[in-house]
Structures are given as structure tokens and as C-alpha cells.
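Enquirer: If you're matching them up, the sequences are chains A and B in order.
Numbers 0 to 435, taken from numbering that gives the first Met the number 0, label the letters of the first sequence in order.
Numbers 0 to 435, taken from numbering that gives the first Met the number 0, label the letters of the second sequence in order.
Fair warning: there could be bad hints in the mix.
Said to hold, decoys possible - SDA-like mimics (lysine to any residue), calculated; alpha carbons at most 25 Å apart, straight line:
#, chain 1, residue 1, chain 2, residue 2
1, A, Lys375, B, Lys194
2, B, Lys430, A, Asn135
3, B, Lys420, A, Lys164
4, B, Lys147, A, Lys164
5, B, Lys420, A, Leu120
6, A, Lys375, B, Lys420
7, A, Lys164, A, Lys430
8, A, Lys430, B, Glu431
9, B, Lys194, A, Val143
10, B, Lys430, A, Lys164
Unchecked claim - Chain B stretches covered by chain A per the calculated footprint, using a threshold of three residues with CB under 8 Å from any CB of chain A:
#, segment
11, 243-256
12, 296-309
Quick caveat, the hints were computed from the structure, so don't treat them as lab data.
Glycine included, C-beta positions come from ideal geometry on N, C-alpha and C.
2 protein chains.
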Amino acid sequence: MEDTDVLIVGAGILGVTSAYHILRNNPGKKVLVVDRYGAAGQGNTGRSNAMFRNTFSSRDNQTLANASIDYYLHTQYEAKKDIGLQQIGYLWLMNENQLSSSEPHLKSMQANGIQTTQLPLAELSRRIPGLAAEGNGAGQASLVGLPKIEAGVFGPKCGRLDADKLTRHYARMVTEMGGKFAFGTEATRLAVSPKDRLGFEGEPFVWQESSVTGVELAGRLQGTVHPPVVVLACGAWGNQLLEPIGLDGHCKAKKRQLFSIRAESSPLQHLTHVKGFNPLGLLPMIILPKAGVHFKPVNEEKAFWAACEDNVRALLDVPENDLDAYRAEPDFYERNIKPVLTGYFPEFSKTVVKAMWAGLYSYNTLDYLPFVFREKNMIIVGGDSGSGIMKGDSLGRVVDALYREEQEAELYGGTHYRVSKLSFEHRDVEKEDWVI
Amino acid sequence: MEDTDVLIVGAGILGVTSAYHILRNNPGKKVLVVDRYGAAGQGNTGRSNAMFRNTFSSRDNQTLANASIDYYLHTQYEAKKDIGLQQIGYLWLMNENQLSSSEPHLKSMQANGIQTTQLPLAELSRRIPGLAAEGNGAGQASLVGLPKIEAGVFGPKCGRLDADKLTRHYARMVTEMGGKFAFGTEATRLAVSPKDRLGFEGEPFVWQESSVTGVELAGRLQGTVHPPVVVLACGAWGNQLLEPIGLDGHCKAKKRQLFSIRAESSPLQHLTHVKGFNPLGLLPMIILPKAGVHFKPVNEEKAFWAACEDNVRALLDVPENDLDAYRAEPDFYERNIKPVLTGYFPEFSKTVVKAMWAGLYSYNTLDYLPFVFREKNMIIVGGDSGSGIMKGDSLGRVVDALYREEQEAELYGGTHYRVSKLSFEHRDVEKEDWVI
């Protein structure tokens, strides 16, 4: 603990990618990653849908995600490390308005080398058995008022991976390079001290120069660490550490839920394997034209995972506790997701929820893009707004570039990205309009 | 309550200026202002230092403040309504670094018609008796490490007013135009309902279009109001209403404190009245070159009010309660403010604190400029970061322009200001670098 060069708070995806890239570019530095849970990626990373796409409207998102995805594809297919990656693609089923409003986004993607294909309705109906494109499939569809699907937009360089496997992949590389993990260990407080301590009560005073000189730990590893640099990568929980010392984490947490629907021995069985979208013969991730309802096949579980946007849900500054934050609501699927699913896929009307869980998005409500900024001797990364995994490798590189006080990060594949773009002081990012 | 056209939550300065300008430009509209306290301006408006300046680095701040100040000057001197305004000026006592870094700001002000004067040290020493420009005056000055004052920058169109009188001035005009106030009445919840209610449990669902259709009131006026438009002007308390419905107030609250120092029958007595700065013969507001320590003469109380920046203080998402937020700390003056004051003004070493109080700044931590944005049928104004009073008249006009769906607000004096500049979606403001 005493000779730690960099303390990283949080062993979620952004903590482990930060640790990995710092160690890769600063060999010999002593990196310690602490996490309150028992292993890497057991907080909100492990609760996520772990989807990836390079299909964004914002060029910043395109660049950050595309480079990360390239690394993940390399890892799975070339380096043959299993991170559970399946490049199943994303298929947006769009109504007329969505089709026309997506046009400029599709052009921006094309200009940035990101491929999409438009599929007419006839082609969709041919490939996807049981699709009720009118939105009048079954259940309360008429009550919901579902729009007619006009066409599909398919993103081939999109898919799913296994959040747990990916996080462990990075954690293993961190350990191999000499990085240390302290699990079951929570960072409870950032201690601010004056540069020149006088020994009076009440320091630091407003007229003293001060910085974060210690991080108090509780749990298996206890005491105060005094690292030269602290990386805060604790996602939805960041405000808890930052606000007491007068810093704004610029993000809010929101509960999002996932429901695993049994496909096995149900009318849905035929839907998991669908030809024409990917070499795996799997249905792509499907995004429906209402409330961001979406689902993907999880073939090894013989299930679909379904979810939706949740715009009325409370934003939390600091979640009260894990239990509330992580408790899924059975009614939520029945009332919010199922009516939309059954409208377009009537077979969902006779399905059973096998499992459900919830996790916290860490929203940067300003522009829904991640931030990485330096404040004194801290580097703060977060606000990834539900896409931390798919941009994880790139964000770890930006953290490392900030650590080395470089102006640019080299992303996987060689693209250079100016790190100040993701700061707040010199923020210069394109807002994202294509949100799920 | 039932035929309210606009419900305004908060009768602080931004609530009353919003009410006034909406009524002025929309005669006959039924405007109801609710506030938890017993009268207008009794929350953080009444706890503020109520200073005004047009000397900002940001052209947006310059424009918004300058027009408001023109209205306040008109009110005090031409319309002869007493709002306690004294145009005493602001005097920044600067060290070498501050002088050179303020140069671009002074040029930007000049270009925007805002006057300042630079005063050499000899002139400062001549006008201000007892100034220890070396910062070695008395007490623990050497411990603090105070920089030498090199020169002064004086802003003549700056000064103080009486927050209570100003707020009552607007409240009176609101009442005269038929606006209503409900005091002792707290808005406890924003009720979100679907546009087309189905009558099922759990509405609104994610697939329904919904908006804020009701504001629940508690206290003297009880029940739920269903106004077509709601203006949220509740400053530091805004997150409490917005976050439960999934909206970010984009601001954080921070406690700031004021200390009233007895000048009467103390060595400080000679300092209140100082010639050469203003026709009133009063000392201007003095800003010292360390930790933003500043003080102003309050001649009717025979006192100085002193304060400072407080950068280590916790940011609050929602203050726990009034009592904690409003409790001043006696030690804070002794440890943080007094050591700086006595370094430059040794007479402060033998002073007595007559009174002290605290209030909450509502910080927009993104750029420290106010925001006014529309979200569905709500107009949200805040984040004024300690300068709501000095920009109050202009911000009320921006709220009214948003209410009338105008693209520009006409500020006092005829300047036009594009309202979308202060939104988040199309935010286009110059950051402020000259913060106290």
C-alpha cells in the first residue's frame, strides 16, 4: 500500500482498462485497484447488457466505440481469448419518422467508415419469422399505439460479449504485469490536505493550497493510502467520494433493468436462430420503434434478454444502497416491455421470465458521452451512460494518456484522439442523438 | 388554484422577476407563486450578500448583469423606489499574477462597454488609510503567505443593494398586476401523468407520452395544482423536485457564509467612509488577492460584511434540511477569513463578529453561468452560482421569453439576448473566469 504509484478506485470495466493501459505504458509503476466487491466487474459492469455497437450519431462515440470493438474482435478471433463475443449485429426496426431522422446519422457514420445496411420491409419479413410489422400482433398492442415498421437498419459491426469474461481478461493482464487488486475493499473517503501543513485544527483553510493526499479504505484492506495519483472509476457511485470535497462528478445514476425470457420449449424457440444476418446464424439484437424496447438472443442460455428505455425513472445523485439499486421489478416487464414486444412479436405473449436483475447507468446528463478529466492529482472517468463496456478499451487509453500528461491517446488500430475533448474544461464532443 | 395559468415554485429573486415579466407581457394570465417561507425572498435570496457587478470575463454575464443593474439604478435613482442600492463600486486589490491574467478580461469588458479603472499602488495607499499592501499587516500573515498588492482594478458600476427590498419591490408589482402569492406553501412533488390516461396501475408506462401535469402543495395551501406551465425557480432546492421524475437540475448547492464585523467604536471606524471612489464617500467592496476574501461597508449597520471563496466545502445535491444549510460556523471567520483580512488591514485584528449567517449558492458547476431551459411544460431557471440577484431582472425576462416561445428576450435598455444560449441543449455561453 505504501509505495503505490497509482490507486484505482473501482474494478469495473473502466477501472481494469485504466489499470491495464497505465501498466502497459508505464512499466514498473505500482498500480493498486480496489473494489468493494469480491472480484473484478461484479458491480454495474457485471449487471449490464454488455452489448457493443459502433453505430452512433456522435463522431466521438463512433471513434471511441469502433476502436474498442476492433480490440475486442482481435481478442476473440485473433488472440483467441474467449470474451464471449458474438458479432450478431444490431437491427433497428424503424417507423417512417425514425427512418427519415436517422438519415443524417447514417451519412455521418458512412463518412467515418462505419457501415450500415438498410433492409426493406419485405426482406425483414422474409428473414424474421413471426414479425408483425403493423404492430398489431397480440395483447394490448392497440392500447399502446404501436407504429408500423417501415424498414430496418442493420449494423454488422455490433453485437454482444460477456462482461464478466471481458473484465477478467483485463484483470488477468493487469496481474501479469504486476498490478495488484484489493477486493472486498471500499474507498470510503478522499482526504484533502494542505500542501504545507501547519498543524492547526481545521486545515485545510481556504487560503492554503490543497489536494487529495489520501484515500481511506475500509473492508479487507484498511487504512489510508497516499498515492501520488488516484483514478476514480467508480461509475454510479462517484458522487459519494467527490461531493464531500466540493467536486462535481457531473453524472447521475439511474436504475435500468434486464429480463431474461425463456426461449426453450416456448413458441419463441424458432426465433433464436435466424439466417441472413451473421455467420453465427443468430437473430441480431432487435430494437423496436417504441420506447427503445429491445431484445437479443442469448443462445447458450436458450433465452432472450429484453429491456427498454426508462425516461420517467428517478435520477439518483448517490444510490442509497446496493439492494434498492439492484432490485428488479417483476411488474416492470409486464407493464412496460411486454406490451411492445407482443405487438411486433406475438409469440412473446406466452413467455416466462426466467431471471431479472437491475443495475445503474451512470449518466452524463449533459451530452450522454463519457468524461475523463483531471482535477489536481485525480483522474476521473465515468458518465459513460450505459456504454462503458463498448468504449472501455479506448477510455482506458485516455486515462493513461492523462496520466502521462499526453495530449492525445492512441486508440487500438492507431487512431489518435485528443484527450481534452472528454474533459469538462475544454469539452468538445458531438452530442449523441442515437440513444437506446 | 384551479384556473392558474402559470405556477411559479419559489418566491426568491428569480421567482418574482419571472412572475413580474410574465405578467407584464401576458396581461390577464393567472400567475400563482408558491414559497415555503412566510414572505418573498426569505430563502437564499435573503441570505445573500446582494452585491452587483457588471465586471465579468464572460460576455454573457456582462450582458445579463449590466442590463439588470441598469434597471436597478433606474429603480433607485429615477423611479425613486428604495431598493437599498448604493453604487459603491468594486475594488480588486491584485498581485502581479492577477494583474496580468486580468488583462484580457478588462479588454473584453471595454469592448462590451463596461468601464474599469486601474489604480497604481501609490494611489491606493493614498486613498485607503491603513492598507498594508505587502500583506504583512498583523496576525498570522506570514504563515498565510500573502502576496504583495501591486495595483487595484476599480469597477464603478458595481455595488450593493438590499435583497429584501428588491424582492419586495418585484412582489409588490406582481400583486398590483393581479399575480397571487401563496406563502408557507411548499411544492413537494411533481406529478407526471400520461397524455392519454388508460386507468391502469403503474402509469405512466415507458411507451406513453407523459408530462408534468400536477404540482403537489403542502402547508397553508394544500392539494394538487394542474397548471399548463410550471416555472421552477427554487435554486438550491431544485434537484429535490426534478430528480424523482428523471430530470437533472444540473446544479449543486454549496454553503457560503457571511460575517458582520462591528466597525463602530473599533479601530476600523475610519475605514467605512473613504473618499475618491464614489459620490457616497464610502469604501467600495474590497476583494483581496487571496482566497477571494472580500468585505464591504454596511454604513447603516456601522459594520463590514466579510466573506471568502470556499473551494473545499462539500457540494450538496439536495440539502438535508434548512438548519444545517443555514448554520454559520464561528470558527470559519477566525481561521479562514480573518488571517487574510488582518494581513492587509491590521485593524481587523481587534474586531468582533456582530452577526453571521449562511446560505446556499446554487452552482452550475459546468460553466458557473445561470441556465434557463424548457422541458416539456416546465421552465427551469437556476444555477446562477451566487449572482442571481445581479442578473435577476434579465433572467426573469428570459423566462418570460421562453414562456411566450420567443427566440429572444429584450433586456432592460433594449438589448436582445437569444434565450437558447442559456439552455443546455443549445448552450452557447462564454465561461466565467472572474469568480469570487
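Enquirer: Mind listing which of the numbered hints don't hold for this structure, in increasing order?
Expert: Per hint list: 1, 2, 3, 4, 5, 6, 7, 10 violated.
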